[in-house]
Amino acid sequence: MTSASREKKERGWFKEEFGNPERRMAYYMVLPAVLIIVVIAFFPVLYGVVLSFTDSTVTAFGSFVGLENYVEMFQDPDFLVGLSNTVIFTVVSVTLEFIFGLGIALAVNRAFRGRGLVRAAILVPWAFPTVISAVMWRLMFQPGIGIFQYVAQSIGIISGPVLSDPTLLLIAAILIDVWKTTPFMALLLLAGLQVIPGEVYEAARVDGANVYQRFFRITLPLLKGAILVAVLFRTLDAYRIYDLFYAFGAKELQSLSTYVYEGVRISQLQFGPGNAAAVFIFVTAFLIALFFIKVLGMRTSTEE
Amino acid sequence: MASATAAGKGTGRRSLNMVLFYVFVAIFVFVSVFPLLWVFKMSIVTKTELFATPPTILPQDLSGDSWSTVLGDSTFQRALINSSIISGVTTVICLFFGSIAAYAIARMRFRFKGTVMTLILAISFFPGVAIIAPLFIQFTAVGIIDTYAAVIITDTVFALPLTIWLLVAFFRELPVDLEDAAKVDGATTIQAFRKVIVPLAAPGVFTTAILTFIFAWNEFLFANTFLFDESTQPVTVVIPNFATIYTVDYGSQAAASVVVTVPLVILVLIFQRRIVSGLTAGAVKG
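Those protein sequences? They're chains A and B, same order as listed. Taking numbering that gives the first Met the number 0, I'd label the letters of the first sequence as residues 0 to 303. Taking numbering that gives the first Met the number 0, I'd label the letters of the second sequence as residues 0 to 285.
The reader is advised that the hints may include incorrect statements.
Stated by the list, open to error - Cut-off 25 Å, straight-line C-alpha distance, at most; resulting in silico cross-link-like pairs (BS3-like, lysine-lysine):
no., chain 1, residue 1, chain 2, residue 2
1, B, 182, B, 194
2, A, 293, B, 112
3, A, 293, A, 250
4, B, 182, B, 112
5, A, 14, B, 112
Claimed, not checked - Label-pair distances were calculated between CB atoms; the ranges are:
no., chain 1, residue 1, chain 2, residue 2, range
6, A, 287, B, 229, 48 to 56 Å
7, A, 152, B, 47, 42 to 50 Å
8, A, 174, B, 229, 31 to 39 Å
9, A, 216, B, 177, 37 to 45 Å
10, A, 217, B, 139, 55 to 63 Å
Hints were generated in silico from the structure; no laboratory data involved. Just so you know, even glycine gets a beta-carbon here, dropped at the ideal spot from N, CA and C.
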C-alpha cells in the first residue's frame, strides 16, 4: 500500500467516525465521563511520576534529583515494613478469601429455604464502611473489654494484648479482611457457578465421573473466568489496603498506602520517598493486573 | 424389601446432609452479623457491665449514656450531615455523566468503544493513594482543600466506573425495539433516551444510585487526606478520631459505629435482590 492511499484510508475512517452525526453524538456522550477520568486520575499519575524525581515539597516545586527519592525509599525501614506487611496481607487474605468463598459458593449453589437470609448475611459485612468495621473490631480486641481478646487469652492462644503486638495486629487485620470480603468473593463466584449449565454435570455423572473429577475437570475450568476476575479484583483491593490498617492498627500498622499518606499529610521529610512509593504502588499494581491478563489469560473484552 | 431399605438409607443420609447444610448456613450467618450485634450490645450496657470479666453474653444493666453522648455530640451530628451531602452530590453527578456515557456504550456504535471501556475499567483497579500527593498540591493551588468539592471530585472519579459499568449492564437488558419505534416516530437520540430509556431503566438506575451512594459514604482515604477541618469531615473520618477524643469511653465509640452502619444495613436488606444482581452483572459478563 502506498503512503498516499493509506493516508486516504485513514482519513476515510476519520470521516466515517466523525462525519456521521449518530457516531459524533456517541462521542459527545462519552466525552464528559472520559475527560473527568483522564483529568483527575491519569494526569495526576504523570504529575506524580515527575514529582518523584524532584525534591519538591507540598508547597514548592523542587529541582530534578534523579533516583534519590527511590534510593531513600528502599533504605527506609518504614517502607520495607510497609511493603512486607502489604505483600503478606495481600497473599494470605486473598488466598483464604478464595478458599472460603469458593466453599460457600459451592455449598449455597442450590435452591433451599432461607436463601434470602444467606444473601442478606452475605451483604451485611460488605455494606460496612471499612474504617467503621476496623473501629468495631478494635473495640472487640481492646484489653479489658474486648470479647476476642478475652476469649483468645482464656483459651491460651495469646499471652498479651493483640493491639500492642505488631505480628498479632497483622494476623488480626487479615482475619478482619477475610470476615469482611469472603462473602463478596462468594457472591462473585456464585454468579459464575450459576451460568454453568446443569446438563454438563448430568452428562459427567452418567459417564461415571466422581465428585472430585467433576470438581477439577468441570467446575474449576468452567469457573476460571469468574475466578480470575474475582481474585484480581480482590488482590488489587488488598494491595492498596489503607483504611483497615489506619483505623484498626491506630497508625501502628504500616502498609504501602499508609507510607504514602504519611509523606503527604504527616511528615514533610517523607514527601519525596512518599512520592516514589506512590509510583511504586501504581507500577506494581499495573504489573499484577498485566500478569493476570497476559499470563493467566484473563479475558478483558467487554464487548458482547 | 431390599429396595425399600436402600431407599430408606438414602433418605436418612440426605436428611443428615440437610442438617449439616443448615448448621453450616447458621454458622455463616452468625459470623457475618456477630460484630454488629456485639458492638450494639456494648453500646447499650452500663460502664460496669462493659468492663466486666468474664464479659456478659446478653445485656443485663441497660444504659442510654453512650447513645446520648454520641447523638448529642455536635461534631458527630455535623459529620452525619457532611457524609450525606458528599455522598448525595457524588451520586447525582455520577448518575448524570454515567447514564449518558453508559447509554452511548450500550446502544450506539463507535470505533473507540473498546478503548473507552478499558480506560473506565482501569480506574476501578487504580490505587487511589498513587495520586493523593499530586492532587493535594493541585487542590491547595486551587484553594479547595477542606471543602466538600475536594472529596466530591475524587469520589466521583472513582465511583464513575462503577456507575457506568452497572448502567451499561442494565441498559443492555432493555429491549432495543422500543427505541427504534420511538426513532421511527421521529424522536431524536436524546428524546429516545429521555422518554423511553430513562423510565424503563429506572429500577436499574435506582440500584446503581444505591451502590454509588454506599461507595461514597464508605470512602475514607480522600476524605482523610483533603479534609482537616471538622466542619467538613464525614463520619468515616470522625469516628476513628473518637478513639482519641473519648479515649476510654468505648461505649460511645460503639454507639457511633452502630449509628453509621445500621442505615446501610437496612438499605442493603431492603434492596438485597437488586444489589446482588447489580454487583454480579459486571463479573459474569466480563
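**Prompt:** Can you name, in rising order, the numbers of the hints this structure does not satisfy?
**Reply:** 3, 6 and 7
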